[in-house]
Amino acid sequence: MRKKMFRGRKYFIEALWEGLLKISGSVTSIIIILIVLFLFSEGLGLFKKDVIEEGYVLAVNKDNPIKDLNSQQIKDVFDVKIESWKELGVDVKDDKIILLRLDDIPNYVPEEEIAEDMSNLDTIINNIIEANPGMIAFVPRDFTQKGFNAKILDLGTINLKEFVTGKEWFPTAHPAAQFGVMPIVLGTLWVSLGAILFALPFGLAVAIYSAELANKRVHKILKPVIELLAGIPSVVYGFFGLIVIVPLIQKAFNLDVGETGLAGSIVLAIMALPTIITIAEDALRSTPRAMKEASLALGANKWQTILKVTIPYSISGITAGVVLGIGRAIGETMAVLMVTGNAAVIPHTLLEPVRTIPATIAAELGEAPKGGAHYEALFILGCILFIITLIINLVVEYISYKNKNKVA
Amino acid sequence: MEYRKRKKISQASAFWVFRIMSIAVIAILFWILGFIIVNGFQAISWDFLTKMPEDGMTKGGIYPAIIGTLCLTAGSMIFAFPIGVLSGIYLNEYAGKGWLVRFIRMMTNNLGSIPSIVFGLFGMSLFVNTLEFGDSIIAGSLTLGLLALPVVIRTTEEALKQVDNSYRTGSLALGATKLQTVVKVVLPIAFPNIITGLILSVGRVSGETAPIMFTAVAYFLPMLPSSIFDQVMALPYHLYVISTSGTDIEASRTMAYGTAFVLIAIVLILNLSANGLRRYFSNKVKTN
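If you read the sequences in order, they're chains A and H. Our numbering numbers the first residue of the first sequence as 1 and each following residue consecutively. Our numbering numbers the first residue of the second sequence as 1001 and each following residue consecutively.
Just so you know, these hints were derived from the structure itself, not from any lab. Just so you know, even glycine gets a beta-carbon here, dropped at the ideal spot from N, CA and C. A hint or two may mislead.
What the hints assert, rightly or not - Using C-beta positions, here's what the derived DEER-type ranges look like:
hint	chain 1	residue 1	chain 2	residue 2	range
1	A	P369	H	S1282	53 to 61 Å
2	A	K404	H	K1051	55 to 63 Å
3	A	T157	H	L1070	45 to 53 Å
4	A	E162	H	S1013	31 to 39 Å
5	H	K1161	A	G8	51 to 59 Å
6	A	E83	H	K1051	20 to 28 Å
7	A	D94	H	Y1219	49 to 57 Å
8	A	D103	H	L1070	47 to 55 Å
9	A	S26	H	Q1180	22 to 30 Å
10	A	L193	H	R1102	29 to 37 Å
Please model the complete structure; the sequences and the hints are all you need to start from.
See below:
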């Protein structure tokens, strides 16, 4: 009887323990799902936001045939880059575009005429627009209610196409913020590809040296060196880059500012080295000894064996290392933020300031009001980053899966 | 003869190139370390480590940042270590080879490669805004804990894998249950390696900036936290601030060198102690 109870309790504890383990095991999956949920739910609100500032409208004369403007055009109009209606493709009696903001109203109407509680502002704005056929007004929606018969443009919401193909990132521009991710995405790719270009030859050389040539003593130095390189915090790399590499580049290329894509690439290359080296070295070491010995027995020397047997055999592992290195470079925040200069323009050479996705988030999130379009746009950038790393991971997984099958 | 000579020369030159490039990589590390240690050492004094920052962070010390980093790191480990170790035990000892386990492994790998700034965004959205912790030690610790979790899981799994199967079968054959086997036989053997992994993940967490930027840290806060819902200063963020956007960047340069020195020192000490532990235990216990 007692024995039975003991067994029952034992069974209960075992079951409890296994349940606990299962829950802990599933935590990472739950976190990933939560990350996706929170990132996308915060970010996707952007595409429900109006093109111009919330609570405002654009109004034109009711004879104006224009139907719709995109955010780029609105910005150019209010920056006085576009000055005539013809440039926007419409015929208006008075071709010159006249801008009207709330501040401009006293230029048209003496201030005494405006009621203290602004109750007659609707009519005043209406009259000004009616008197000027070429006018476009940027006014609060509240002042376009009673007796307002000027045409209010239906601008719709920020759309995905403009977000993806837009060439300008001015999240605080007035009246229409510009959320074009093109320069930021291209900046990220430029800096990361530059980094891999620097890191690849060094990474491969060290991996080959360490796996094939180094004796035990050298290996004992190399391994901790690489572990240390991986362990140094990214903000320290950024600090080093800012104080040493940036001035060096400025002097070497005779530039006005040393904070360039090149500086970012060099710092990132150093940071990506440990990833590339460890994975490539593991891959090289996994080459079966019999294969190498067969090659040597056939009269090939060590270098020929490495070149024709070891590298081809481990090429998929090496590729995985390189891809993961790119992933690390794309996601790196602090070091890049500190050395690349953060200009949101499409880069043409590596000697210009550029800005990457993580650096943009880190630099701007503190100033973006919660729930606003800017805040949401930064979350969308986070989603893009997440998707990129997911793809990179799947690629690596696929490579190692294929590799496993090959060995089997 | 001609061919043999060419073969020899190409091998010799290729190997020399590899050797030089490897030396270059070692040189880069020592350049970075040397630069920060030489410049930072002058800034280090007892006052620097134990005083509050003064004069727009151009003078004084970094005491609150050190304490802040300690709090954040400890908090993240309290969260990540138990869950990570349990998860590692599950993956290595209990889970079979089904699609579910493959999925969990894939998710763990994915979590490990998500950029730290994405953790920052997520932490801000979940802990700071949704759960309304505000910028606080607890929000920052949890965010950092998420980041450390895959590292802890992976090292636990690796450590458990190294335990020879004969220990498990032997224990089970003596009538022990699976729970008893894992807790009394497998874990003690794997323990040193798990601890080494823990130390290394502490090193990684203590230097992270992006995840705590929007969840925990304050730009300037010359006092110590009194509860887990307080904001803190932290070493990595402090270094970022005083080297890029401080009130007087030139004047706070010495402070920046000192802070970088402390950060590097933490990583060096943790790495060395992890290596030392590994060596000490591997002499003592034969893992397989």
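A quick look at each hint next to the structure:
| no. | hint | in the structure |
| --- | --- | --- |
| 1 | A:P369 to H:S1282: 53 to 61 Å | holds, 55 Å |
| 2 | A:K404 to H:K1051: 55 to 63 Å | holds, 56 Å |
| 3 | A:T157 to H:L1070: 45 to 53 Å | holds, 47 Å |
| 4 | A:E162 to H:S1013: 31 to 39 Å | violated, 54 Å |
| 5 | H:K1161 to A:G8: 51 to 59 Å | violated, 33 Å |
| 6 | A:E83 to H:K1051: 20 to 28 Å | violated, 60 Å |
| 7 | A:D94 to H:Y1219: 49 to 57 Å | holds, 52 Å |
| 8 | A:D103 to H:L1070: 47 to 55 Å | holds, 52 Å |
| 9 | A:S26 to H:Q1180: 22 to 30 Å | holds, 24 Å |
| 10 | A:L193 to H:R1102: 29 to 37 Å | holds, 32 Å |
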